[in-house]
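Asks: Okay, so the sequence shown: first residue is 1 according to this note's numbering, each after it adds one.
Just so you know, the hints here were simulated from the structure itself, not pulled from any lab data. By construction, the Cβ of each residue, glycine as well, lies at the ideal position given by its N, Cα and C atoms.
Per label pair, the in silico range of CB-to-CB distance: (1) Ser37 to Val57: 31 to 37 Å; (2) His44 to Val23: 15 to 21 Å; (3) Glu35 to Pro58: 31 to 37 Å; (4) Pro36 to Val57: 31 to 37 Å; (5) Arg15 to Pro36: 31 to 37 Å; (6) Pro36 to Pro58: 34 to 40 Å; (7) Ser37 to Pro58: 33 to 39 Å; (8) Pro58 to Arg33: 34 to 40 Å.
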Amino acid sequence: MATDGSPDALRFHQRRGLRIVGVAPGAVDAARRLEPSVPGTGDHGVPPHAGPTPEPVP
1 MATDGSPDAL RFHQRRGLRI VGVAPGAVDA ARRLEPSVPG TGDHGVPPHA
51 GPTPEPVP
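The whole structure should be built from the sequences, with the hints applied where relevant.
Replies: Here you go:
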């Protein structure tokens, strides 16, 4: 899952021709309330809170 706490995952998508077209603020926080196993820290110690929406570039 790409989140704002996972810059490596965002780069992965962008290198494959996807563009970030939207951001769902608080999406990871909501997922964490439903599923407590969702980590509280992402890559490099950055806490994830938002979920970006990648789409292919036409």
